[in-house]
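Residue numbers (the working numbering), protein chains in the order written: chain A, 1291 to 1405; chain B, 74 to 186.
Zero decoy hints are in this set.
Using 30 Å as the maximum straight-line C-alpha spacing, the simulated BS3-like pairs for lysine-lysine come out as follows:
#, chain 1, residue 1, chain 2, residue 2
1, A, Lys1346, A, Lys1358
2, B, Lys156, B, Lys87
3, B, Lys130, B, Lys156
4, A, Lys1397, A, Lys1361
5, B, Lys82, B, Lys144
6, B, Lys156, A, Lys1397
7, A, Lys1346, A, Lys1397
8, B, Lys130, B, Lys144
9, A, Lys1397, A, Lys1332
10, B, Lys130, B, Lys143
11, B, Lys82, A, Lys1332
12, A, Lys1332, B, Lys156
13, A, Lys1332, B, Lys130
14, A, Lys1361, B, Lys130
15, A, Lys1397, B, Lys82
16, B, Lys87, B, Lys143
17, B, Lys130, A, Lys1397
18, B, Lys130, B, Lys82
19, A, Lys1358, A, Lys1397
20, A, Lys1332, B, Lys87
21, B, Lys144, A, Lys1332
22, B, Lys87, B, Lys130
23, B, Lys82, B, Lys156
24, B, Lys82, B, Lys143
25, A, Lys1332, A, Lys1346
26, A, Lys1346, A, Lys1361
27, B, Lys143, A, Lys1332
Short, incomplete list of chain B residues facing chain A, as computed with Cβ under 8 Å:
#, residue
28, Leu163
29, Gln175
30, Pro179
Calculated from the structure, these hints are not laboratory results. Yeah, the Cβ is synthetic: ideal placement off N, Cα and C, and Gly gets one too.
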Amino acid sequence: GESVGLHLPTLSVQEGDNSIINCAYSNSASDYFIWYKQESGKGPQFIIDIRSNMDKRQGQRVTVLLNKTVKHLSLQIAATQPGDSAVYFCAVTHPAGGGADGLTFGKGTHLIIQP
Amino acid sequence: DGGITQSPKYLFRKEGQNVTLSCEQNLNHDAMYWYRQDPGQGLRLIYYSQIVNDFQKGDIAEGYSVSREKKESFPLTVTSAQKNPTAFYLCASSIGGYQETQYFGPGTRLLVL
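Could you build the full structure based on these sequences and the hints that come with them?
And the structure:
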């Protein structure tokens, strides 16, 4: 099976600082990783993804790093803004499921922006 | 304007009542999913459908039922057998199977009267 965990349920950062949100997974065969952002009362919003043949991928103000050796995934947000305040969670897939049950979601880290 | 819509935004259920949550997508995605979200927990899969007229149970299917008669629609019924239905329900869709990004709707919050 697969388990996905995030290291911190809450992360508080100063506006303008960089934020780093972490995720650990258990299955070394996992091959596709997704980060979502969920604002209060809304559905999750896709941020960025990465496949297992890559170590790093950059988007607009966001970077995802994948360390397959220690089965660790991180999301870095540059110059954090008040609009970044939300719950962030990772989703991990692996080949063994063969279907939708191969997608496992972490519990989420609540990012709080201090003025 | 493409996307996934869910209705209603809030739904109230009386004891012993079945209620149906709507999910529609105009993204031409083959696969659709229903998740339940409870405070402090990750998303848990209820049902998923990879193609029209076919669907499979997820991790917590008991007390729920679905249908997939049309590609764009995947309604979820919360039956009276679901004893703890209060939660935030999220519908998602993807182009194909599990290795494709899932895109979510805005959610329906179900409350028990």
